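Protein chains in written order, with numbering that gives the first Met the number 0: chain A, 0 to 343; chain B, 0 to 463.
There's no promise every hint is true.
A few chain A positions that, by computed beta-carbon distances, are all more than 10 Å from chain B [said to hold, decoys possible]:
hint	residue
1	S60
2	I64
3	D161
4	R206
5	G250
6	L312
Chain A side only, calculated, beta carbon under 7 Å to chain B, not exhaustive [to be verified]:
hint	residue
7	G19
8	E39
9	V47
10	A190
11	G193
12	Q291
Simulated from the structure, these hints should not be mistaken for laboratory data.
Quantities reported herein were computed from a predicted structural model and do not represent experimental measurements.
All C-beta atoms, glycine included, are put in the ideal place defined by N, C-alpha and C.
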Amino acid sequence: MIVAEGLRERKRRTRQLIAGILALPLSVLPFFAYLSFTPEGRSVRDRVSVELAPPQLPRLSQGQILAAASRAPRYRGAVMLLAYHGIGSASDAEGGFVVSPARFAEHLAILRAAGMNAVTARQVADSFQNGAPLPPNAVMISFDDGRSDAMMFADPLLDQADMVATMFVITDAASEPGVYYAGWDDVQSYAHSGRWDIEAHTASLHREQSTEAGMLPALTSLTPGESLGSFRDRISRDLARASTSIEAHIGVPAVAFAYPFGAYGKDRSNDPAVRRFVRQEVSRRYSVAFHQDEQATIPLATCAHEPLGLRRLEVESWSGMELLERIEQAAGRRASEERCAGTS
Amino acid sequence: MPAATGRLYSDRTTSLLRTIYRILIACYGIAIMSFVWLTKDLTFSTLAKDPVFAAYSISVVLYVVCRFIFALFYRPVPDAGHRPSLSVIIPAFNEEDGILGTIQSCLEADYPHELVEIIAVNDGSTDGTWEQILNAKALSPRLHAMDMGKNYGKRTAMAEGIRRSRGDVLCFVDSDSYISRDALTAIVAPFADERVGAVVGHAEVRNKMVNWVTKMQQVRYYAAFRIIKGTESLLSGTVTCASGCCAAYRTSLVRPLLKAWEFQSFLGRPATFGDDRALTNRILAQGRVVYQSTARAETNAPTTLGVFFRQQLRWKKSWLRESTYIVRYFWRKNPIAAVFTYASIVFPLFAPWVVLHAVLGRFVDGALGGFWFYLVGTYAMAMLYSLYYAFRRVDGLWYHGMTFVGLYMSVLVFQTYWGIATMRDTRWGTRASTIEHATLDQANITSLPSSSLPRLPGLVEASA
Numbered sequence: 000m001i002v003a004e005g006l007r008e009r010k011r012r013t014r015q016l017i018a019g020i021l022a023l024p025l026s027v028l029p030f031f032a033y034l035s036f037t038p039e040g041r042s043v044r045d046r047v048s049v050e051l052a053p054p055q056l057p058r059l060s061q062g063q064i065l066a067a068a069s070r071a072p073r074y075r076g077a078v079m080l081l082a083y084h085g086i087g088s089a090s091d092a093e094g095g096f097v098v099s100p101a102r103f104a105e106h107l108a109i110l111r112a113a114g115m116n117a118v119t120a121r122q123v124a125d126s127f128q129n130g131a132p133l134p135p136n137a138v139m140i141s142f143d144d145g146r147s148d149a150m151m152f153a154d155p156l157l158d159q160a161d162m163v164a165t166m167f168v169i170t171d172a173a174s175e176p177g178v179y180y181a182g183w184d185d186v187q188s189y190a191h192s193g194r195w196d197i198e199a200h201t202a203s204l205h206r207e208q209s210t211e212a213g214m215l216p217a218l219t220s221l222t223p224g225e226s227l228g229s230f231r232d233r234i235s236r237d238l239a240r241a242s243t244s245i246e247a248h249i250g251v252p253a254v255a256f257a258y259p260f261g262a263y264g265k266d267r268s269n270d271p272a273v274r275r276f277v278r279q280e281v282s283r284r285y286s287v288a289f290h291q292d293e294q295a296t297i298p299l300a301t302c303a304h305e306p307l308g309l310r311r312l313e314v315e316s317w318s319g320m321e322l323l324e325r326i327e328q329a330a331g332r333r334a335s336e337e338r339c340a341g342t343s
Numbered sequence: 000m001p002a003a004t005g006r007l008y009s010d011r012t013t014s015l016l017r018t019i020y021r022i023l024i025a026c027y028g029i030a031i032m033s034f035v036w037l038t039k040d041l042t043f044s045t046l047a048k049d050p051v052f053a054a055y056s057i058s059v060v061l062y063v064v065c066r067f068i069f070a071l072f073y074r075p076v077p078d079a080g081h082r083p084s085l086s087v088i089i090p091a092f093n094e095e096d097g098i099l100g101t102i103q104s105c106l107e108a109d110y111p112h113e114l115v116e117i118i119a120v121n122d123g124s125t126d127g128t129w130e131q132i133l134n135a136k137a138l139s140p141r142l143h144a145m146d147m148g149k150n151y152g153k154r155t156a157m158a159e160g161i162r163r164s165r166g167d168v169l170c171f172v173d174s175d176s177y178i179s180r181d182a183l184t185a186i187v188a189p190f191a192d193e194r195v196g197a198v199v200g201h202a203e204v205r206n207k208m209v210n211w212v213t214k215m216q217q218v219r220y221y222a223a224f225r226i227i228k229g230t231e232s233l234l235s236g237t238v239t240c241a242s243g244c245c246a247a248y249r250t251s252l253v254r255p256l257l258k259a260w261e262f263q264s265f266l267g268r269p270a271t272f273g274d275d276r277a278l279t280n281r282i283l284a285q286g287r288v289v290y291q292s293t294a295r296a297e298t299n300a301p302t303t304l305g306v307f308f309r310q311q312l313r314w315k316k317s318w319l320r321e322s323t324y325i326v327r328y329f330w331r332k333n334p335i336a337a338v339f340t341y342a343s344i345v346f347p348l349f350a351p352w353v354v355l356h357a358v359l360g361r362f363v364d365g366a367l368g369g370f371w372f373y374l375v376g377t378y379a380m381a382m383l384y385s386l387y388y389a390f391r392r393v394d395g396l397w398y399h400g401m402t403f404v405g406l407y408m409s410v411l412v413f414q415t416y417w418g419i420a421t422m423r424d425t426r427w428g429t430r431a432s433t434i435e436h437a438t439l440d441q442a443n444i445t446s447l448p449s450s451s452l453p454r455l456p457g458l459v460e461a462s463a
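With these hints in hand, go ahead and build the complete structure from the sequences.
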């Protein structure tokens, strides 16, 4: 009897021990879930992965280099404008606007192999306004929003590729950083690396607001009961704040602007007069402004285009060769240069 | 003897496996701490947006991690042959099943028999407790059997035991606890240091294998004693609760306090529970209270959730009551201990709000990620506690620590305010016992004194 009791007790203890050992690997799951499925957890994971293993430019094969060179568009006095949003490991609220670090690295490697030269928005502005020369086969790599993941992953790759990029920062978000947006400390140190041009993306108008016509971008719509005069005041004050903020933190005034959501008043508005006011306010502070209309027919940008309505190609998760193909198509749609300041 | 050889071989394998297991656990713990370190940017970035929440998270993490680090340096006082005369007092109320075992564990302790008396006080039990005490008395004349005649409450039973005790050191053992053979020699060792006024032993759950409620308490006890009491002990002997299951006091310090402690009132009500904490804190005001991990005891823990919650509420109320007392003098103690103690008083008051903020904030203002961060942060802290147990005790019970933290975060944190609200309700909740102060009727007391420990010169029996 006592022996049987002792045996049962022993069995129970053994079972408990086994359960305890099995529970060890299971207990990792919540950490894993946090790092994989929550935005902040992913950000932590991204940070760690960049720190432990910075993304590397891929080494292209001889065949790839030859293919890129043969595909390479050849042009002067024009620039291909590219728009990225986030770079990261997973899709998030912004859906398809996230390109993986590996894809982005491939894009840079192919662009370099094709002999493209990266320029900043400031260079584009300088060229279109003052006739400063652009390098041949110029390409502007730009990011919207000031997302920390984009800068974190892109920076080491830009360094390796010896390229520059432009970040359009939502200045209020940078002043109050969270998981998603980089703070001024980070933005500043990226700017000082010389690889980043920091430009404006409004102070707080990167949002939609409710109007009688539904949710519309805050920059291009009147709130219920808002007069055009007070609308103008509102956006004027916002753009002024964005400019002051950038100058205060980066040391140089912003010269370029990216319309939040690419909306500048042609559509996604509830008043036709908005477009004119937006244009006026933007023109008071910036010499170039970018949107993403009509993706199917994006041309190379030249000084012949309306400088406050320059069109960028929204880059998706394409292969490097697909990207080159798009640029080639754009080069075929190049406008004439008759109206350029520098040439006239 | 092939069986013996096989046994030896398997012992070796077991110890090797144990070592590997421990290394794994240690690595896991370090990985969790690194994870916490990596999320620091996240916490600091929320500091501006949500200062109270972020400051709370940072302080709690610091508090927990510092406690762990301090606990690593804790060492028990080695036995250097210090053998003062000792009175072991066992107050008992309706404990017929366990009392005999408790008394036996004390009788079997390897303390010189002529130096120890064991006083079992029956506090007017309505079951066979007194008969069991008499049975024990029949087995050993070293037992001092005492019956109070009617139920007065645990404090009165303890106080009467103290008044009739003759030892230089008083050791209290709860009637549902069992001490190990070397517990008495271990528990008196720290008293060799004149500054030490009280010593608390290490308690574990005796009925830990019964169900998840007791398993969870086993992990909780272990962490509470080893980490919390260990740290407090290390910091100039500032343990704030010498738990009743096994605690010893210097008699010369207790006697002058006896009346005040026995008839302690709070908010106009008799302080019926928290006798251990109350006595400790009064000793701590004038001396050191240390934890002695080698003085091991086992105690029976509640086996149902209802009883467990009621016990926790009772402890919470004692803690609240005694906190109002210790805040007045703790700043004069070891400064680090003071910071820990004041923090441990403030945190539980904040905790329910932080829990509500984290859970509801998500729905109220759509606070970015606060909820998930809070959840994983809590999980990480719970894992550290549980892994500590896993490291020290290879019995597979560690993950029940997670259950405890889960219950703590969902129910027990809110008990603080429930305790404040019902502070004047001084019923035990777990047993029916007197709740009013009453004067002892000496005529009704049956006392069969111990044969050991002759009356020491200079010690006056209070009843005389």
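Interface hint status, E39(A) versus chain B (Cβ within 7 Å): It holds, given that the least Cβ distance between E39(A) and chain B is near 4 Å, below 7 Å.
Interface-negative label, G250(A) against chain B, beta-carbon threshold 10 Å: 23 Å, holds
Tell me if the interface restraint on G19(A) is satisfied: Cβ within less than 7 Å of some Cβ in chain B. Where the cut-off is 7 Å and the nearest Cβ of chain B is about 2 Å from G19(A), the hint holds.
Is the Cβ of S60(A) more than 10 Å away from each Cβ in chain B? 36 Å, holds
Using 7 Å as the Cβ threshold, decide whether A190(A) counts as touching chain B. Violated, about 20 Å.
Would you say D161(A) is clear of chain B, with no C-beta pair closer than or equal to 10 Å? 29 Å, holds
The hint names Q291(A) as touching chain B; please verify it with the least Cβ-Cβ distance against 7 Å. 26 Å, violated
Taking the closest Cβ pair, is V47(A) under 7 Å from chain B? Since chain B brings a Cβ to about 6 Å from V47(A), closer than 7 Å, the hint holds.
Is the Cβ of R206(A) more than 10 Å away from each Cβ in chain B? 13 Å, holds
Is the Cβ of L312(A) more than 10 Å away from each Cβ in chain B? 31 Å, holds
Status of the hint placing G193(A) at chain B (closest C-beta pair under 7 Å): Hint on G193(A): violated, closest Cβ of chain B at ~25 Å, above 7 Å.
Was I64(A) rightly flagged as not at the interface, with every chain B Cβ beyond 10 Å? 38 Å, holds
Of the numbered hints given earlier, the model fails hints 10, 11, 12; all others are met.
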